[in-house]
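Colleague: This is what each chain is made of:
Number of protein chains: 2
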Amino acid sequence: MLALAATEAGEFRQTVSLQTVDIPTDPPDFLLVQVAWSDLNPVDLQKLHSRTTDFPFVSGFSGSGIVQETSDEVAFPVGASVCFLLDPTKKSGSYAQYCRVDRRAAALVPPQITLKEAASIPLAGCTAYESLRKLGLLTESTTSVQTLLIVGGAGGVGSWATRIARAWHPNLEIICTSDTSRDWCLANGASRCIPHVLQELPGGPHGSVDAILCLTEPTPTLMNAMSEVIRPYGSICLVVAGPSIRSLNLDFVFFKSVTVYTETVFSCFRTQFSHSQPSKMMAQILNWMSTGRICAPLSPCLDEIDADWTKATVPNGILERLHSGHVQGKLVMRIGDSSVAGNVHDTDFVDAR
Amino acid sequence: MLALAATEAGEFRQTVSLQTVDIPTDPPDFLLVQVAWSDLNPVDLQKLHSRTTDFPFVSGFSGSGIVQETSDEVAFPVGASVCFLLDPTKKSGSYAQYCRVDRRAAALVPPQITLKEAASIPLAGCTAYESLRKLGLLTESTTSVQTLLIVGGAGGVGSWATRIARAWHPNLEIICTSDTSRDWCLANGASRCIPHVLQELPGGPHGSVDAILCLTEPTPTLMNAMSEVIRPYGSICLVVAGPSIRSLNLDFVFFKSVTVYTETVFSCFRTQFSHSQPSKMMAQILNWMSTGRICAPLSPCLDEIDADWTKATVPNGILERLHSGHVQGKLVMRIGDSSVAGNVHDTDFVDAR
Numbered sequence: 001m002l003a004l005a006a007t008e009a010g011e012f013r014q015t016v017s018l019q020t021v022d023i024p025t026d027p028p029d030f031l032l033v034q035v036a037w038s039d040l041n042p043v044d045l046q047k048l049h050s051r052t053t054d055f056p057f058v059s060g061f062s063g064s065g066i067v068q069e070t071s072d073e074v075a076f077p078v079g080a081s082v083c084f085l086l087d088p089t090k091k092s093g094s095y096a097q098y099c100r101v102d103r104r105a106a107a108l109v110p111p112q113i114t115l116k117e118a119a120s121i122p123l124a125g126c127t128a129y130e131s132l133r134k135l136g137l138l139t140e141s142t143t144s145v146q147t148l149l150i151v152g153g154a155g156g157v158g159s160w161a162t163r164i165a166r167a168w169h170p171n172l173e174i175i176c177t178s179d180t181s182r183d184w185c186l187a188n189g190a191s192r193c194i195p196h197v198l199q200e201l202p203g204g205p206h207g208s209v210d211a212i213l214c215l216t217e218p219t220p221t222l223m224n225a226m227s228e229v230i231r232p233y234g235s236i237c238l239v240v241a242g243p244s245i246r247s248l249n250l251d252f253v254f255f256k257s258v259t260v261y262t263e264t265v266f267s268c269f270r271t272q273f274s275h276s277q278p279s280k281m282m283a284q285i286l287n288w289m290s291t292g293r294i295c296a297p298l299s300p301c302l303d304e305i306d307a308d309w310t311k312a313t314v315p316n317g318i319l320e321r322l323h324s325g326h327v328q329g330k331l332v333m334r335i336g337d338s339s340v341a342g343n344v345h346d347t348d349f350v351d352a353r
Numbered sequence: 001m002l003a004l005a006a007t008e009a010g011e012f013r014q015t016v017s018l019q020t021v022d023i024p025t026d027p028p029d030f031l032l033v034q035v036a037w038s039d040l041n042p043v044d045l046q047k048l049h050s051r052t053t054d055f056p057f058v059s060g061f062s063g064s065g066i067v068q069e070t071s072d073e074v075a076f077p078v079g080a081s082v083c084f085l086l087d088p089t090k091k092s093g094s095y096a097q098y099c100r101v102d103r104r105a106a107a108l109v110p111p112q113i114t115l116k117e118a119a120s121i122p123l124a125g126c127t128a129y130e131s132l133r134k135l136g137l138l139t140e141s142t143t144s145v146q147t148l149l150i151v152g153g154a155g156g157v158g159s160w161a162t163r164i165a166r167a168w169h170p171n172l173e174i175i176c177t178s179d180t181s182r183d184w185c186l187a188n189g190a191s192r193c194i195p196h197v198l199q200e201l202p203g204g205p206h207g208s209v210d211a212i213l214c215l216t217e218p219t220p221t222l223m224n225a226m227s228e229v230i231r232p233y234g235s236i237c238l239v240v241a242g243p244s245i246r247s248l249n250l251d252f253v254f255f256k257s258v259t260v261y262t263e264t265v266f267s268c269f270r271t272q273f274s275h276s277q278p279s280k281m282m283a284q285i286l287n288w289m290s291t292g293r294i295c296a297p298l299s300p301c302l303d304e305i306d307a308d309w310t311k312a313t314v315p316n317g318i319l320e321r322l323h324s325g326h327v328q329g330k331l332v333m334r335i336g337d338s339s340v341a342g343n344v345h346d347t348d349f350v351d352a353r
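If you read the sequences in order, they're chains A and B. Quick note on numbering: the first sequence equals residues 1 to 353 in UniProt numbering. Quick note on numbering: the second sequence equals residues 1 to 353 in UniProt numbering.
FYI, nobody ran anything at the bench for these hints, they're computed from the structure. There could be a bad hint or two in this list.
If chains are identical, the list can't say which one is meant, so a pair holds when it fits in one copy or spans any two.
Said to hold, decoys possible - Derived SDA-like pairs (lysine to any residue); straight-line CA-CA distance at most 25 Å:
#1 Lys134 with Gly336
#2 Lys134 with Ser274
#3 Lys90 with Asp251
#4 Lys134 with Ile245
#5 Lys90 with Gly203
#6 Lys280 with Gly325
#7 Lys134 with His206
#8 Lys311 with Gly242
#9 Lys134 with Gln146
#10 Lys90 with Phe255
#11 Lys134 with Phe255
#12 Lys134 with Asp251
#13 Lys280 with Pro110
#14 Lys90 with Glu69
#15 Lys47 with Glu228
#16 Lys90 with Leu138
#17 Lys280 with Thr143
#18 Lys134 with Pro88
#19 Lys280 with Phe255
#20 Lys47 with His206
#21 Lys90 with His206
#22 Lys134 with Ser247
#23 Lys134 with Thr147
#24 Lys47 with Pro205
Throw the hints in and build the complete structure from the sequences for me.
Modeller: Structure, rendered in structure tokens:
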């Protein structure tokens, strides 16, 4: 099959190209899915840098497509539309024509949801879902969280989190930080958009926000800023684990009795799905979409650049856009031709508010 | 009044002595309490080292006694027995004959509980209570926590936590670490007592304990050990904020989606009691004691050494015992004479299991 594969570790421009690789075979009892759309995440590029063996390596950790082979005819018959999350320890990712998919990390896509929309759910949507659940925001009941700060609100997870939190709590004050995407954040459901945490929000011992969803590297400067603005007994959820996670200063956080959640949706694979079921989270999000409660925050970037995966690595291609770090909304990439990938709905870019 | 006061920063043997100091006057609307018993905690000694101004300084952050003056006749009449927590930013502590007490950090002691028992509650009991609540263990309903590791299980907070957790969950596996107090931990309700985390418990990606209550400094070595043994989606509650809290490695914790709680009962003072009510926690614990559900884990050390505060600083006195770091159970110190401090009940050292 064709895949966007890396032949060595490094920067995608030098290492990634369209190559013919084997269709993954192991384990045989997994679903074989013909990929329609892959989603794209900053972590895809990070994986290219950190991997040292076992090439060619195909990046991409989630997507959507059509079931081609199955050992589970009832839940996932051949021909069914599914979205899926992939084990990040495998070398076969979703930047390829076929994936082997663990059914516990897959969900059926109902007919009213496009495969393009569905591809945006498994990694970014579920990360937003799990993070908000940890922060106590996935409940109808009265919550102590009245102000949520999303650091990096314009990206894929931030856009999903904004929409999900807004759908659950119409009166929640959602503050997004973004250098460049103010209009996107506000249109997406944010109450305000600020460039930086420290300059804009009052901090100190009493803090000013009840919960923080941190979607960028928790550098010492950022950690200090978050420690200042979080209220006592508040919560911070860390979603990015670059080098900073190895040396976090929780001094001020401690004296506020703050809770620090760490969140990676990939933990489900380490635990054999005993503590987290991405299939259930995906089904929940798909259900919200089917009933009109939430609309996928697909990136408007896709209007501007070629989303065809065969041109992903060209200058201003989709990987370049991802590399820039200034994406608005959730980027996905068309892998299959239109017979597999389906047509884009008119509703793809509808404002979710 | 007499107080065990420090005249300068430093080690207690050089700085603390029995001195005459003014009865605290501010703020005037607080309760004035004649102290019967002060509790003793490692943080008392740390305060002596870190304080740089405003001497004489009286350490001690909680205790019990008799109300002498009150602006709140209904809840706290003159003559009432109370236990109380003190604001750690003030220079007047509980190693003294009188304290000014915020009524929001005080609770009435019912007649069947001795003032000695009551003095063990406000700091150590409430810290244990809040920590266990954060870890999800203060609920009758089914909890996902089947194994609780208490690092430093023999000390005051650890002994309280063991008894409270055992009272709520008779079948919970409670593992305590202690170098020297194996028998105390087991008698106190622990399922097992181990000397160190890393050598004794299986770790790795799947971990082996559901929750950890860390009551010693989270050094890099200990943090690494806890990261190994905690199961994915598990919880760690940090209660000690020495230098290590400024540089915590959450790398492995991150990839397990672990939650890190930070707990200091003193946060209530920073927040004007808006998020935490020590008076309610104390009342809850006193109620459990009144109904026989829990018995205060008073230290058997008190049998061996002189608990009279006027001899607290002599060799092998109670401060020396506290300084050793190897206390079993909750240390308290008699301040008043027997007419104030009351008689010791025969039930003080009853096994709580």
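Colleague: Hint by hint, note whether the structure agrees.
Modeller: Right, here's what the structure says about each hint:
Taking the shortest alpha-carbon separations for Lys134 and Gly336, neither the intra-copy value of 36 Å nor the inter-copy value of 48 Å comes in at or below 25 Å. For the homomeric pair Lys134 and Ser274, the shortest alpha-carbon distances inside one copy (17 Å) and between copies (22 Å) are both at most 25 Å. Only between protomers do Lys90 and Asp251 lie at most 25 Å apart by alpha-carbon distance; the minimum there is 21 Å, versus 37 Å within a single protomer. For a Cα distance limit of 25 Å, the shortest separation of Lys134 from Ile245 qualifies both inside one copy, at 19 Å, and across copies, at 23 Å.
Taking identical chains as interchangeable, the C-alpha atoms of Lys90 and Gly203 lie at most 25 Å apart only when they sit on different chains, with a minimum of 23 Å there against 43 Å within one chain. Within a single copy, Lys280 and Gly325 get their C-alpha atoms no closer than 30 Å, and across copies no closer than 48 Å, so neither meets the 25 Å cut-off. When the C-alpha separation of Lys134 and His206 is checked against a cutoff of 25 Å, the pair qualifies both within a copy, at 22 Å, and between copies, at 20 Å. In the homo-oligomer, the alpha carbons of Lys311 and Gly242 never lie at most 25 Å apart, since the shortest distance is 29 Å inside one protomer and 54 Å across protomers.
Taking CA atoms no more than 25 Å apart as the test, Lys134 paired with Gln146 passes in both settings, with 15 Å inside one copy and 20 Å between copies. In the homo-oligomer, the alpha carbons of Lys90 and Phe255 lie at most 25 Å apart only across protomers (16 Å), although the nearest pairing inside one protomer, at 41 Å, exceeds that limit. In this assembly of identical chains, Lys134 and Phe255 lie within 25 Å of each other by CA distance both inside one copy and across copies; the values are 21 Å within and 15 Å between. Taking the closest pair of Cα atoms, Lys134 and Asp251 come within 25 Å of each other both inside a single copy (22 Å) and across two copies (19 Å).
In the homo-oligomer, the alpha carbons of Lys280 and Pro110 lie at most 25 Å apart inside one protomer (14 Å), although the nearest pairing across protomers, at 50 Å, exceeds that limit. Taking the shortest Cα distances, Lys90 and Glu69 sit within 25 Å of each other inside one copy (19 Å), while across copies they are farther apart (70 Å). Taking the closest pair of Cα atoms, Lys47 and Glu228 come within 25 Å of each other only across two copies (23 Å); inside a single copy the shortest separation is 32 Å, beyond that limit. When the C-alpha separation of Lys90 and Leu138 is checked against a cutoff of 25 Å, the pair qualifies neither within a copy, at 31 Å, nor between copies, at 40 Å.
In the homo-oligomer, the alpha carbons of Lys280 and Thr143 lie at most 25 Å apart both inside one protomer (23 Å) and across protomers (21 Å), since each shortest distance falls under that limit. When the C-alpha separation of Lys134 and Pro88 is checked against a cutoff of 25 Å, the pair qualifies only within one copy, where the shortest distance is 22 Å, while the shortest distance between copies is 31 Å. In this assembly of identical chains, Lys280 and Phe255 lie within 25 Å of each other by CA distance solely across copies; the values are 21 Å between and 37 Å within a copy. For the identical chains of this complex, Lys47 and His206 are inter-copy neighbours only, at 23 Å across copies versus 39 Å inside a copy, given an alpha-carbon limit of 25 Å.
Proximity of Lys90 to His206 under the C-alpha cut-off of 25 Å is restricted to the inter-copy arrangement: shortest distance 18 Å between copies versus 45 Å within a copy. Taking CA atoms no more than 25 Å apart as the test, Lys134 paired with Ser247 passes in both settings, with 23 Å inside one copy and 24 Å between copies. Taking the closest pair of Cα atoms, Lys134 and Thr147 come within 25 Å of each other both inside a single copy (15 Å) and across two copies (21 Å). Only between protomers do Lys47 and Pro205 lie at most 25 Å apart by alpha-carbon distance; the minimum there is 20 Å, versus 38 Å within a single protomer.
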